[in-house]
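Residue numbers (our numbering), protein chains in the order written: chain P, 37 to 587; chain D, 8 to 556.
Check each hint, because a few of them may be wrong.
Just the calculated beta-carbon pair ranges, DEER-fashion [unchecked claim]:
#1 D/Ser73 with P/Cys107: 43 to 51 Å
#2 P/Asn520 with D/Asp199: 53 to 61 Å
#3 P/Asn520 with D/Pro507: 55 to 63 Å
#4 P/Arg111 with D/Pro31: 32 to 40 Å
#5 P/Asn520 with D/Thr34: 29 to 37 Å
#6 P/Arg433 with D/Val294: 51 to 59 Å
Derived from the structure by calculation, the hints contain no laboratory data. Model, not experiment: these values are computed from the prediction. Even for Gly, the Cβ is constructed at its ideal location relative to N, Cα and C.
Given next are the chains, with one letter for each unit.
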Amino acid sequence: MTTLALSNSLIAASPTMTNMSSKITLIAPEILLFLGAVLVAVLGLSRNAALRRSVPMVTAIFLAGSIVVTCWVYRTDAVATSGLMLPMLGGYAKTLIAAIGILLVMLAGPSVDRRLEEAFDTGRASFDPIRVMRGEYFSFFLLSIAGTMLLANANDLIWMFLALELASLPTYVMVAVSRGTRRAQEAAVKYFFLGALSAATFLYGFAMLYGATGTLELPVMAERLATQSATTGISALAILGGVLAILGIGFKLAAVPMHFYAADVYEGASSPTTAFLGFVPKIAGVLALMILLSTFGYSGHSTVAGGSHIALPGLPAPLTAVLWMVAVLTMVLGNVAALLQSNVKRMLAYSSIAQSGYLIVGLIAGPQSGYDAVLFYLLGYGVTNTAMFAVLASLERHGEDVETLDDLAGLRTRHPVLAWMLAASAISLIGMPPFIGFFGKLALFSSAIEAGQTTLVIIAAVCSAISAFYYLQLVAVPMFGQPNARTETVQAVPSRWPRFAAVVCGVGVLVLPLGLAKLVAFASSSTEPSAKVAAAPSDTTASDAANLAAR
Amino acid sequence: MLSTLTALLLILPLLAAGGIALGPARTSKWIATIASLAVFAVALAFSWGFPGWTDGSIAPSDLGLSVMPSLGINLTLGADSVGVMLILLTAFLMPLAVIGSFTAVVDRQKEYYAWFMLLEAAMIGVFLARDAIVFYTAYEFTLVPMFFLIAIYGGAERRPASIKFFLYTFLGSVLTLAGVIYIAAQHALAHDGAWTFDLAALATFASSELSNTQQYWVFVLLMIGFAVKVPFFPVHTWLPLAHDQAPTAGSVILAGTLLKLGTYGVYRIALPTAPVGGVELDQFIAVLCIIGIVHAALICWVQTDAKKLVAYSSVSHLGFCMLGLFALNSVGATGSVLYMINHGLSTGALFLCIGMIYERYHTKDMAQLGGLFKVMPVWSFFMVFFTLASLGLPGLNGFIGEFLCLLGCFSAEPNSVAGYPGLLGPWYALVAGSGLVLAAMYLLIMLGKLVWGPLKEPHHDAHATTQSGSSLPADLSPREIGILVPLALVCLAIGVYPKPMMEAIAPSVEKTLAAYPKLVDRYVQDGSLVAPRVDMGQGVARAQPVGSE
Numbered sequence: 037m038t039t040l041a042l043s044n045s046l047i048a049a050s051p052t053m054t055n056m057s058s059k060i061t062l063i064a065p066e067i068l069l070f071l072g073a074v075l076v077a078v079l080g081l082s083r084n085a086a087l088r089r090s091v092p093m094v095t096a097i098f099l100a101g102s103i104v105v106t107c108w109v110y111r112t113d114a115v116a117t118s119g120l121m122l123p124m125l126g127g128y129a130k131t132l133i134a135a136i137g138i139l140l141v142m143l144a145g146p147s148v149d150r151r152l153e154e155a156f157d158t159g160r161a162s163f164d165p166i167r168v169m170r171g172e173y174f175s176f177f178l179l180s181i182a183g184t185m186l187l188a189n190a191n192d193l194i195w196m197f198l199a200l201e202l203a204s205l206p207t208y209v210m211v212a213v214s215r216g217t218r219r220a221q222e223a224a225v226k227y228f229f230l231g232a233l234s235a236a237t238f239l240y241g242f243a244m245l246y247g248a249t250g251t252l253e254l255p256v257m258a259e260r261l262a263t264q265s266a267t268t269g270i271s272a273l274a275i276l277g278g279v280l281a282i283l284g285i286g287f288k289l290a291a292v293p294m295h296f297y298a299a300d301v302y303e304g305a306s307s308p309t310t311a312f313l314g315f316v317p318k319i320a321g322v323l324a325l326m327i328l329l330s331t332f333g334y335s336g337h338s339t340v341a342g343g344s345h346i347a348l349p350g351l352p353a354p355l356t357a358v359l360w361m362v363a364v365l366t367m368v369l370g371n372v373a374a375l376l377q378s379n380v381k382r383m384l385a386y387s388s389i390a391q392s393g394y395l396i397v398g399l400i401a402g403p404q405s406g407y408d409a410v411l412f413y414l415l416g417y418g419v420t421n422t423a424m425f426a427v428l429a430s431l432e433r434h435g436e437d438v439e440t441l442d443d444l445a446g447l448r449t450r451h452p453v454l455a456w457m458l459a460a461s462a463i464s465l466i467g468m469p470p471f472i473g474f475f476g477k478l479a480l481f482s483s484a485i486e487a488g489q490t491t492l493v494i495i496a497a498v499c500s501a502i503s504a505f506y507y508l509q510l511v512a513v514p515m516f517g518q519p520n521a522r523t524e525t526v527q528a529v530p531s532r533w534p535r536f537a538a539v540v541c542g543v544g545v546l547v548l549p550l551g552l553a554k555l556v557a558f559a560s561s562s563t564e565p566s567a568k569v570a571a572a573p574s575d576t577t578a579s580d581a582a583n584l585a586a587r
Numbered sequence: 008m009l010s011t012l013t014a015l016l017l018i019l020p021l022l023a024a025g026g027i028a029l030g031p032a033r034t035s036k037w038i039a040t041i042a043s044l045a046v047f048a049v050a051l052a053f054s055w056g057f058p059g060w061t062d063g064s065i066a067p068s069d070l071g072l073s074v075m076p077s078l079g080i081n082l083t084l085g086a087d088s089v090g091v092m093l094i095l096l097t098a099f100l101m102p103l104a105v106i107g108s109f110t111a112v113v114d115r116q117k118e119y120y121a122w123f124m125l126l127e128a129a130m131i132g133v134f135l136a137r138d139a140i141v142f143y144t145a146y147e148f149t150l151v152p153m154f155f156l157i158a159i160y161g162g163a164e165r166r167p168a169s170i171k172f173f174l175y176t177f178l179g180s181v182l183t184l185a186g187v188i189y190i191a192a193q194h195a196l197a198h199d200g201a202w203t204f205d206l207a208a209l210a211t212f213a214s215s216e217l218s219n220t221q222q223y224w225v226f227v228l229l230m231i232g233f234a235v236k237v238p239f240f241p242v243h244t245w246l247p248l249a250h251d252q253a254p255t256a257g258s259v260i261l262a263g264t265l266l267k268l269g270t271y272g273v274y275r276i277a278l279p280t281a282p283v284g285g286v287e288l289d290q291f292i293a294v295l296c297i298i299g300i301v302h303a304a305l306i307c308w309v310q311t312d313a314k315k316l317v318a319y320s321s322v323s324h325l326g327f328c329m330l331g332l333f334a335l336n337s338v339g340a341t342g343s344v345l346y347m348i349n350h351g352l353s354t355g356a357l358f359l360c361i362g363m364i365y366e367r368y369h370t371k372d373m374a375q376l377g378g379l380f381k382v383m384p385v386w387s388f389f390m391v392f393f394t395l396a397s398l399g400l401p402g403l404n405g406f407i408g409e410f411l412c413l414l415g416c417f418s419a420e421p422n423s424v425a426g427y428p429g430l431l432g433p434w435y436a437l438v439a440g441s442g443l444v445l446a447a448m449y450l451l452i453m454l455g456k457l458v459w460g461p462l463k464e465p466h467h468d469a470h471a472t473t474q475s476g477s478s479l480p481a482d483l484s485p486r487e488i489g490i491l492v493p494l495a496l497v498c499l500a501i502g503v504y505p506k507p508m509m510e511a512i513a514p515s516v517e518k519t520l521a522a523y524p525k526l527v528d529r530y531v532q533d534g535s536l537v538a539p540r541v542d543m544g545q546g547v548a549r550a551q552p553v554g555s556e
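So here's chain P without its partners, still in its complex pose (with noise of 0.2 Å):
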């Protein structure tokens, strides 16, 4: 029933309801966080150092705005009338954003500059405009979320386009600031190069897709790619664009085969800066699939064999091929490098790369019920992400990152409240209920194995036992491990801030089933068709009453 809707909807929308005025009401949270942008910057070069302090909680204070706007766009008929592909994705996916985006400045606030604040302060050095970092790395911080939560209102592949480098260009010079080290500018590199890559991938993806269609609006080529698939089925050169921009995005995704980045920069950047690499790039490509995805669309597909039309559920055969295979080598190989890793942040690299294929999982399922889990699931993976990295940017050594397992070994006797934290969001992205973790799986698996997707389910739900053994290493030996002389020189950041943020999230994994219910139909009211546009009669209503009659 819900294929169904969408479908119409997707038929119905037509290009000339968008206008200017609705255009940039939608994406005036965006509007504000680029505001934000521009202000950090200059205050990041104050010569009053009070002023340069205020930089984080002015970003945080814009992210706070952007949810305050976002709610009152999204109460407006200007969304669901706007011809979206999803029209209301943007309330859930920005409010999630900022809202983790918030938890994410509380790390990265006192770790950028900080070295350099403090010869300020000490009189060691004079301040420096060139040297200060801290206002361009708020300023590119909110650039990228905004450029991500841009994607959730991409209507033409140019947009699409656009948003996903302005979601990806800020991380690269974020990754090479973070600290002054040389790790940090050749994982900058490193991710610079791939991204470049995968950008000329789904390019040239999309100028298939241009080629196969004649169009760049996505609502006109989901019409278009549906009457090919209703007559003549739909032309490889579009399939063949479609598979490319699926691999390109997977860049974003941490997905197999565009993976290779992942585990390099994340330890190259400082544990702030993977935080943020961990989840908001993710979310971009989430995004960015979903709605182009929904323009191939989960119904209607057909196979032509003796003449008549096979009805085929789900999205057209070779894109379900490809992306099955980049979810299970996904879950597989992120799952089973992160048994090798050591290096803690290395090891939570492989994991977000495995949990990319479990998001893949989603996706495949389709809308409603998968793409709904998929940002439900996104949820819960934001706050567990955050906790585990909040934790690690509480900890320094030296004055350097604390990395590896070794350096949290026995982290419970002198720093009692980060290990348990720790220990929960470990154990909830094991899956392990009550936590948030497990309700995101649930629904996720749900959705899948609803969808006929048993194999993979079944696959995803071994690496997901195979994931407890590493994620148990992160209780383990937090609580039981020996102090050893390594970790006698680790010691709490200055700051409260990532202490702070850890305990919200750790405590967050924990608190949030609690509003499950709600926190479902939030996610859900998000993927949901626009009623007006529902209603409007099509075409593929007999193809599409065939293909359920099929399942």
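Using the hints provided, position chain D relative to the given structure of chain P.
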């Protein structure tokens, strides 16, 4: 009233856990004792007012709270007669385990008792669950407290033991979850997108509307998780390690109740939900049971560590319990449920006895200990008593369950003269029965080494001092006797007069096995239920040409 008591069963231990975590360390053991006794009192009151003793119904039936409406998950609570018995067992063992830890645990007491209370809540939650997700949540959550209990308070190899315990059970149960979701998704597809995880609804749907092939695979998925927990022959290897390393009270709860989650899961979910799978795999599972019984018994025979011996004997004994269930007739299943309770009592008590020795001598090695009757006559009395209960001496509790399991298996022939049809038969019972002989042998050898013979004590300076420095008497203290006496009384009472329990179990068993007699008949006629020849689902079309050949 019943609803309030049900809610209290869950809320009391959770509140106690919170109170222990927030309160000072010296009060934690007293809070745990009072709370666990209170839970036992509530469980008694609950079973007193429980209306389902005679008809196998589930009560209370009106307690529910919507958790996740989009997937139809509700926090619904209620138990049938078997569930109530297992709740009573849990609530009965818990205060004994807590009081039994007073001198054994001196470091990090707050966490210890808080985890115990969480564990109690989770275990009771399993037996109270009427919703598959609530069941799974409680079932899985038992892992976390047990993981911490083993990893913090265990023996020298506690870290690998705890991780192995966690991983084995977790891997098994995610597959069980996949099976449960599969049924629920099929239910949603068949009912216009209406999701439910209600156990009764899923069982009705799956057993009547899923095709035979689907039921077969669902049964396989469900069984994997439960088999690990039981633990079942090829996947039992986590158990001896976990038992060996766990603190005494942890072993008591592990053997007493946690293992029963597996058998209870089979009884409550796997068997009634996918009966076709149950019939189809019956003989295969029975063979594994028997291998497990004999294999573990032989290991016990050569065991030198008393605690490991009792741990392996659990594997062997639970093989009987599963064999009784998979006799697929009312005698065997009744025996199996009795076995769950009795094994919990007698093996729990044995672990307590061995823990008491360990506290005094800091060893469980039977080569270093011997002739303890001369210094510990009271302990020796209890040790002999519970060993006899465990090996199934008539008149004590172990006998009746074991006897019924074997009787069920023996008479489970297709055309049984006793009127209890099944797919097993005398041969299965005969081979499994050798496990009884072996059990008598290894348990009596253990007694012979520990209790009788010349006195052997490892080193007398460690004797009579505990970790806390407070001295223990040479023989049992009044506290320790106070723990063992109630267990002994219950063992004796069940052994002498098991009839009320059997009568209470019977209606529940009838319901669980309702679908089986017919399926067993069909299986006997056709030789298989899922092979194309007799597939009643979409296989019918394919089946005809084969049949006409």
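Outcome of the hint check:
Taking 43 to 51 Å as the suggested C-beta distance range, the pair D/Ser73 and P/Cys107 does not conform, at roughly 25 Å. Here the CB-CB span from P/Asn520 to D/Asp199 is close to 60 Å, well matched to the stated 53 to 61 Å. Judged by the Cβ atoms, the range 55 to 63 Å given for P/Asn520 and D/Pro507 holds: they are separated by roughly 59 Å. Hint check: P/Arg111 to D/Pro31, Cβ distance near 50 Å, so the stated range 32 to 40 Å is violated.
Distance hint for P/Asn520 and D/Thr34: a CB-CB separation of about 34 Å, consistent with the stated range 29 to 37 Å. Against the hinted window of 51 to 59 Å, the Cβ-Cβ separation of P/Arg433 and D/Val294 comes to about 56 Å, which satisfies the hint.
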